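Going down the list, the sequences are from chains X and A. In the numbering used here, each residue's number is its place in the first sequence (first place is 1) plus 67. In the numbering used here, each residue's number is its place in the second sequence (first place is 1) plus 67.
FYI, nobody ran anything at the bench for these hints, they're computed from the structure. Fair warning: there could be bad hints in the mix.
For identical chains, the list gives no copy identity; a pair is met inside one copy or between any two copies.
[Stated by the list, open to error] Computed list of lysine-lysine pairs in BS3-like fashion (alpha-carbon distance at most 27 Å, straight line):
(1) LYS124 to LYS253
(2) LYS232 to LYS211
(3) LYS87 to LYS378
(4) LYS232 to LYS124
(5) LYS114 to LYS188
(6) LYS114 to LYS338
Bear in mind the structure is a predicted one, so any value in this text is a computation, not a measurement.
Single-letter residue listing:
Number of protein chains: 2
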Amino acid sequence: MAEHSVTVENTLSTLLSDKKYTTIRDILVTMNPADIAAVFSGVPTEKLPLLFRLLPKELAAESFVEMESDQQEALIRGISDSELRQVLDELYVDDAVDIVEEMPANVVQRILAQAAPEMRKEINEILQYPENSAGSVMTTEYVKLTPDMTVGDAILRIRRTGVDKETIYTCYVLNNRLLVGTVSVKSLLLAPSDLQTIDSIMESNLITVTTHTDQEEVAQMMSKYNLLAIPVVDGDNRMVGIVTFDDAMDVMEDEVTEDMEIMAGMTPSDKTYLRSSPIDLFKHRIPWLALLMVSATFTGLIITHFEDQLKAVVCLTAFIPMLMDTGGNSGSQSSVTVIRAISLNELDFGDLGRVLWKEIRTALICGAVLAVLCFGKVMLVDHLMLQTEGVTVTVAAVVAMTLSLTVLCAKIVGCTLPLLAKKLGFDPAVMASPFITTIVDALSLMVYFGIATAILHI
Amino acid sequence: MAEHSVTVENTLSTLLSDKKYTTIRDILVTMNPADIAAVFSGVPTEKLPLLFRLLPKELAAESFVEMESDQQEALIRGISDSELRQVLDELYVDDAVDIVEEMPANVVQRILAQAAPEMRKEINEILQYPENSAGSVMTTEYVKLTPDMTVGDAILRIRRTGVDKETIYTCYVLNNRLLVGTVSVKSLLLAPSDLQTIDSIMESNLITVTTHTDQEEVAQMMSKYNLLAIPVVDGDNRMVGIVTFDDAMDVMEDEVTEDMEIMAGMTPSDKTYLRSSPIDLFKHRIPWLALLMVSATFTGLIITHFEDQLKAVVCLTAFIPMLMDTGGNSGSQSSVTVIRAISLNELDFGDLGRVLWKEIRTALICGAVLAVLCFGKVMLVDHLMLQTEGVTVTVAAVVAMTLSLTVLCAKIVGCTLPLLAKKLGFDPAVMASPFITTIVDALSLMVYFGIATAILHI
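If we strip away everything but chain X, and leave its shape as in the complex, we get:
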């Protein structure tokens, strides 16, 4: 947590126990909604309504949006119906939907009962779209223009209706609910004459998403085309809403966190780390841990199968962790690189050939360098310095050869599985280190014992 918030928090809690409400109010009004929410997160929930009432109406609503959902819930339960109605009146529809989605049923009922009829209708509409779709993150409040308006008309319309809109900087030109163009406020202000018509200055080369487009794709398109807002249309190209850049930035952050969680063998979680209980963390972590533990049975079986060889040359055992780890690391490097390139839309299954060719050449260079290093290290450290029993030139050669082959297998598996997952409609992020490691372990042991049996004649 930022040090600034902590200090303000301490000051506030002293002022609160001294009942210095005017001073508290004077401090809070100088702060930004996100910082007020951070400070509130450290306040006991029973004090929340008291503090909240000190805020001016608009700042109160903006801070409310930034709060964690458990704090929002406590606050809603602590304020009156008319206070709730005032907060709701100040909210944008998309923020109201975000809040409703996190609340238990009885709180949702209270929110819907206090929302203005128009907002209630819009909340209900947005709630019907699938989770993580453009429809579920859009807002229905945007500036509508018609093609035959003049620039002067358009500016007047913005002045009259703009106050309730989440963005006024991109306006949408509709013809019977069909989206026909966009106009930026910049082009309105810079238009040579107020009498020009909108259709003469609008951008008709449109970038749109549909209500069912995945939110991650929406965020990527906005980043690619540098858009402040992107229009959301239904199947018939009728405009239903917009997604704004601030929501796109939040989506990008959430999707990255989700990818990282999946890549580390966890099921994704909506809660922040500090708000997750050990039981929450356990639930998200145990499935992959248990699955991968059980699948390590195969690795055990391979070792058991070659028990006689291990008994004959016991020193072979000591190199198993190094071979497995290097294989795992090589595989993760390839899989993470490919997973990231897939999520940045740089790669898809059609590139498999190019990717394989690139990875095989990389693996050959990495494998050769590592093999030489490994051979040198085994001869120098294990053979000469430590004089470990049984470590001969031949054993060093077996280990080095296994290493380079393991790197090759690992890089092939690591780059292929994410592309295959993408093709089959799974999340490529699943094919990261934990999963790859388990497969590469088995492969590297088979290569190891295969080479050892052949060369050492055991």
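Given chain X's structure and the hints, the job is docking chain A onto it.
Just chain A now, with coordinates in the frame of chain X:
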């Protein structure tokens, strides 16, 4: 690559060989700069200047900004000085700086020679800021207002000067170069009267960054406070530039890619995957592979040290991969969760106590469940079904106990190291799976042989 671009690419290459330039131009002008750049990336470099000359001036410059740096270089080398000057005239300063940063010295000289004197001066100034700082990604083109202007004056100033500014939607109120407030175009347009003064409607509660603020922090602040642009000030609070949301989105993407690369044991790369040669990939991958391979020597030493115990109960070897992998996976889960929370500013070193307490409780639950599962699996599969030699109830108990202790060690190491790295000023992302796995491997083997020696009396 998106299928749309590929198709257009094929059409264009046919049209190009048929010399149908008018048709090509008609197609290109309907496209967005980012898509044109994507199509150009598949065109042979010698054809680039030809295609580029077909584009209208502004679209040409916008597409140029979106191109990969090697394509930009080829293009600059293929066009005349006066054409280069036209492109530069259309660029925003921050985009020009991005391009200059990627070019070899002789191309930089040519660019600076053709840039207008004012732009040359600004490019040189921005180039002096450290890489990845706010100064290095900012633009110096923004709308400046003074506190005593009226709303009407301000709108006039925007109309007169706005065309060259990257954003006009947030205007900056300066008093002798000191930043005293910001005004949005929304508040200008919605102001009740054109005669109001700027200082009566400006926001004076300012969020700023300094020229040396890290770009990742800049992007996070913009996301936290939902800003379209953030002002950059020098040490004396004098305004020097702004960072806009589109650059912040690019920074977020780049920083995430970098984090993921580091977390998978690679040194970060600026090139996209498909543009990296196997030698590039090798250079970014070999350092950690080699380092971790050599450090696996310790794991080998532990096994060598307990060779007699392994000879006495050979079946113990078969469980080593499962114990190491489960330990590695448990550690990665904790480290990745903590690394992500650190980069989202949710955690810092001061939270170590809370984090440890949370992870220890999680580890105890995960460890207990895994131990029970593991004991059952060993008894059922290895003892009863496969009747592996030497696998007794006691051995199963040793393996299960080791497993739960390994999970505990792994989660403690996994959550502590990233916070420690942050405290010591290193990148926490280094403390991800590859590094954690190597440490946890050694720990788990020591626990394993310790428990085995004590309980099995070997």
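Verification of the supplied hints:
1. Taking identical chains as interchangeable, the C-alpha atoms of LYS124 and LYS253 lie at most 27 Å apart only when they sit on different chains, with a minimum of 19 Å there against 31 Å within one chain.
2. In this homomeric assembly, LYS232 and LYS211 come within 27 Å of each other (Cα to Cα) both inside a single copy, at 10 Å, and across copies, at 25 Å.
3. Taking the closest pair of Cα atoms, LYS87 and LYS378 never come within 27 Å of each other, the shortest separation being 78 Å inside a single copy and 75 Å across copies.
4. For the identical chains of this complex, LYS232 and LYS124 are intra-copy neighbours only, at 17 Å inside a copy versus 34 Å across copies, given an alpha-carbon limit of 27 Å.
5. Taking the shortest Cα distances, LYS114 and LYS188 never come within 27 Å of each other, neither inside one copy (33 Å) nor across copies (55 Å).
6. In this assembly of identical chains, LYS114 and LYS338 lie within 27 Å of each other by CA distance solely inside one copy; the values are 23 Å within and 52 Å between copies.
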